[in-house]
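There are 4 protein chains.
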Amino acid sequence: MTSAIADSLERFVRECVIPSESAFAAEGGVDTARSSTLTGLQDEARERGLWNLFSSAHPSAALRDLIVLPDLAELVGLSPILAQAALHALNPDALVMELLTALGTDEQRDRWLPRLTDGAIASGYCMSEPDVASSDPRSLRMEAKRSGDGFLVSGRKSWCTGASTPGCRFLVVVAVTEPEADPRRRHSLLLVERNDPGVKVVAERRVLGYSDALRGGHPDIEFQQARGQLLGAAGDGLSAAQQVLGPARMLHSMRLVGTAERALGLMTARLGARNVGGRALASSDLWIDRVGGARIDVEGIRALVRAMVTHPDRALAESIVKAHVPGAVARIVDLAIQAHGADGLSSTTILADLYAHARSLQISDGPDEVHRRVVGRRELRAR
Amino acid sequence: MTSAIADSLERFVRECVIPSESAFAAEGGVDTARSSTLTGLQDEARERGLWNLFSSAHPSAALRDLIVLPDLAELVGLSPILAQAALHALNPDALVMELLTALGTDEQRDRWLPRLTDGAIASGYCMSEPDVASSDPRSLRMEAKRSGDGFLVSGRKSWCTGASTPGCRFLVVVAVTEPEADPRRRHSLLLVERNDPGVKVVAERRVLGYSDALRGGHPDIEFQQARGQLLGAAGDGLSAAQQVLGPARMLHSMRLVGTAERALGLMTARLGARNVGGRALASSDLWIDRVGGARIDVEGIRALVRAMVTHPDRALAESIVKAHVPGAVARIVDLAIQAHGADGLSSTTILADLYAHARSLQISDGPDEVHRRVVGRRELRAR
Amino acid sequence: MTSAIADSLERFVRECVIPSESAFAAEGGVDTARSSTLTGLQDEARERGLWNLFSSAHPSAALRDLIVLPDLAELVGLSPILAQAALHALNPDALVMELLTALGTDEQRDRWLPRLTDGAIASGYCMSEPDVASSDPRSLRMEAKRSGDGFLVSGRKSWCTGASTPGCRFLVVVAVTEPEADPRRRHSLLLVERNDPGVKVVAERRVLGYSDALRGGHPDIEFQQARGQLLGAAGDGLSAAQQVLGPARMLHSMRLVGTAERALGLMTARLGARNVGGRALASSDLWIDRVGGARIDVEGIRALVRAMVTHPDRALAESIVKAHVPGAVARIVDLAIQAHGADGLSSTTILADLYAHARSLQISDGPDEVHRRVVGRRELRAR
Amino acid sequence: MTSAIADSLERFVRECVIPSESAFAAEGGVDTARSSTLTGLQDEARERGLWNLFSSAHPSAALRDLIVLPDLAELVGLSPILAQAALHALNPDALVMELLTALGTDEQRDRWLPRLTDGAIASGYCMSEPDVASSDPRSLRMEAKRSGDGFLVSGRKSWCTGASTPGCRFLVVVAVTEPEADPRRRHSLLLVERNDPGVKVVAERRVLGYSDALRGGHPDIEFQQARGQLLGAAGDGLSAAQQVLGPARMLHSMRLVGTAERALGLMTARLGARNVGGRALASSDLWIDRVGGARIDVEGIRALVRAMVTHPDRALAESIVKAHVPGAVARIVDLAIQAHGADGLSSTTILADLYAHARSLQISDGPDEVHRRVVGRRELRAR
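Residue numbers (our numbering), protein chains in the order written: chain A, 10 to 392; chain B, 10 to 392; chain C, 10 to 392; chain D, 10 to 392.
Do not rely on the hints blindly, as some may be mistaken.
A pair holds if it fits inside one copy or across any two, identical chains being indistinguishable in the list.
As the list claims (entries may be wrong) - Straight-line distance between alpha carbons at most 25 Å, and here's what the computed SDA-like set of lysine to any residue pairs gives:
1. LYS154 <-> ALA103
2. LYS154 <-> SER292
3. LYS154 <-> ALA32
4. LYS209 <-> ARG20
5. LYS209 <-> ALA351
6. LYS209 <-> ALA32
Calculated directly from the structure, the hints in this document are not laboratory data.
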């Protein structure tokens, strides 16, 4: 059955998503919160049984099959943002669906999950804080005080992805609820309604030039006595988040293999089409060498990702992959940009979007340095 | 006197321009065509005698003094876009002012130059064409036919910087007017009024996520029998453009030295301010090593630029500098981004803007590959 | 059974070969033609059933089992030269044994193979020519003229590996015997006795400082009417050589994975043992980061090599691996050198030997550029 | 006058030294302690007034003229080892001559200096110790005990350059003589006769494959109650050594600019001479690009070295240059090796020697990491 899904997904991505990219870009691309192109693709995905494909809500539960997952993820990575949006696999909603499913009470699930799963509403995720290195989540310090059967949340969160999307109805917030506990057991996840009067969006920011309105931007939020409800057990916040973020990191990198293939495909097409001084660039030794190098790099990235999927030490394997893949893919995309000249920089091609996506992943979910440090310390201890 | 200008410019950049960057960013930054922050800075620049500083219109004619120029340009490069905009030194207007001054008839100059110099109107520059490698300007093929005492221009130009700015009144267009001549003598510069009915903007594009509305975007234009007037002699187009673009390339790189200094300064400030695990990042061996490497790179770039200023072979020196500096500076800015974590990617800092600026210069005015090729061929011939 | 061999090989390499490295180095290492340390190791290998392990002469025929081969080869790569020498797996003998086995007549095999297999005699291999790019074997031009039932060989060969070893009894020589045929069918392999009066060694050379006397150096040979005998069919020379060299390339890279592991292991040991300013280097962020990066690189190289083993297009997979692995491993070894300071450069450690070995493989058996070109052209054609 | 010296030196290097390289290599090159080619060059240098050119013993005292020095040093760097040996400018003798001149008593100078200056005898230099990071000289711990009017030296030194040369008559040894003083004031320089019965050479080592017999190798020495005499004041050892080593570092880098020029020149010559597939490599886009990049790098290195000569902070400038130049030059030489194929690795060309020379300088006189750290810390403090 999984191979039927792979076929179906491949047709969807190649026949529907990629051909829609320029219409999507003309509507504003990732900087627009509403795109009829996207809505059409989402309807198509539902019809083809691909809606929520990478979520536990999908009947095939593709996410759990480690053998077929890299193939599926690569297909999505060919057009990573638009395909994920079309499949309803974009964060924060994808992440929040998993958290609600795994940790929510019946009441919480009943209230939010069906509409979130369906795409009728959206969610936001609030973890980072200003002046705290996100690479060390234990140092997150915003507190929530118990009040009645819930909590009152006060303080500032930054990079609250999703919070500015029009359909956003609630936020998942990481806050210190057990200040006296061991640092790994201090934080809880809280559900906060988006329209709580204590929730105030105070700063929007662009990321490498993009507003990312499509996924609700990345604003700061000032919480002022906002009411929150526990999601999962008190003190479990960091470990619950980690349990969902770990596989998400691996999935990011699997998709990026497809992104690198896309960039390489665009590069070879361009080199074949463009003449300089009466000679196709594709017959230039320099570009043949670079294409050869890029193909070798893509095969190396793919092989590493697939080898690490079955590595016995999951955390180490995730760090190896996360430290290597986004940067390597960003360099391939950058080379494809250079092969396109000015068009590569511009919204005429999808390359600048792909670059921003890959480059951002060298920082989000733990910067390269943090993951290399994890790997290096493990190696030195193993000595 | 030049040192008085340098002092004045330094105060202006450090006391006025840099402190205005966040207000400018809040107004939309390079993506806004109208910024009151910018208008205020421009007024201030006029008052301080710095308006048009790098243009031949400025009494000090700083542009011609090769000794002081690197110092001045570095100061501008500390905040390259906003400072250039404040000084009225941004292309295409800076370029077009020089072309009009050097090549315009009295009538042409009287008509456009005073208002352009004053900033009351703006200009556009149309050189690139779709499907033609800009690195080989002789292959530009849009034609203009003689008609009366002027020309009728028909065809498509791409990357028409400036053409979408609200104040744009005229365009400088490179077109083939002497199709039978030697390839180096076929093109002429033509002046075309922006509101000519045959001038139609047909495509806008973003560059690495930015619309660049501040300098009028980079749209395509479809010319349909638009009326053009010779600027300079028929057949002189490419050599005239080269004469102005050559020094401009050098100037770009001189400014980028300041841009690299700015990024390095932001990086060290951030590393000093940010703690991870109770220890300032500034005391991490890894970041000390990277800062050391960045300082060495900045000194290397600066030394190269200054050494090449007096190189006897101007064209070779321009290619050496243009092939090396933008990429080297983009890497330093990229490192500063990484040192800032997510803030480095975001519009909270100026780093993403600086990156897009430096990275674009690896392609505009001749991609790195073209300039390396010039240098490599010269070397192999010199053998 | 293969796993028993792997265990046996691992014990041999770790308990016998590696502990013998310094005694071998004290005898002159790769620069000595006679080493009692090596003789002892060879006796030990025979006793343990590991002699000729990677040759078709070995009962297990390990070379043909693609699943276990990478594991075995990695073990050898931990001490690549000494282990290969101990196992009788060093070129040119390893290569010549395969050629004789595959192509030799009964008479040729009877005459040379038993003694060669046993290590009683040695062989040389003569392919390269001065002023001919080895990357294009079809351009090799030394001719051999038919004479009686054999050939008379005249001309100069360079890089005749093995020819100066004391036990060398015969040479395999690539020569044009069918000058009128298609360029791919012009060359034959010829057997020439080493003591033929027409065989004259005319130049010895060192390679990155080493004489490589252990494997008979890399002299030039001037052939003057030396008598040669066909090995295999006339005109089959290049394809026969290719059939043996292709898998050899893959095997080189498999071994280099072990070489990279060795370098990484030496690096972490040194960092743990060395204090600077009262602090172990192993606790320096900079070196932790580099160790992390090296581990990631090793995993990437290993994953690529193993993925390419089962790639359907063998020639492409060989080029991907050959273009990537030696350079990547040379960089890891170079980093380990730097971690050791002056000791890393010196014969106190094995690192300089490992570097020379890996670096040389970026050129021998086709330089990186040639293999990247193969990959790039395939990619551009596949478009 | 300096320009006359530059002319004379240029003729000597180009007309005498470079053409002698292959004869020198045939005699064993840097691995031979006695070369008649070298003796001939030395005689020629004396005759032309170039003997001891870079020493304070030379009438022109070229070493002190910072303007002409880079030009002279570049010329020497074209053939760095042979030219230095021919001019009597090779360490340790060059270093020891300066130390004796600056610090020796009349008696010490009378005894050693004339013969050392003349080349009749040679010297050795003993600073490094096993298990002590040379990058932190204050941690050197071999002690010398006062005894009569001298000292008794016991302990082990490593990397005693010069100690194994046949003419070596005395050693300069760094030892702790004031164990109670501040760490910067504990060490003294001592003169020890080479034939003292307490001087025992215990280990020879090769460096990247070379024995460096030409300059007396780099053995370990075990001192057993060897008699030493103060050179300079007690406690001044480290500062005296630093005063001579600092400029030497700068001089090393100046020479390396010439080494890079040499490698680039060999590379372009080879590319012009070698055909692959009927086309000169010099017309390959890939190699044109690499040659262009190498030329740009050479100009960048040269400009940095020359800019740093006049930098007000000498120690910082030395670290900037020392951290950057050897590695950058090693990469250029490595590229030239690749352009030569197997010949580049071999003693057929001088490239492998040049590589070993440049690569070693990334470690000797302070590894790159130490100098980058100096620069990085300065930058972070300057914030």
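task = Could you tell me which of the hints above the structure violates, numbers in ascending order?
result = Per hint list: 1, 2, 3 and 4 violated.
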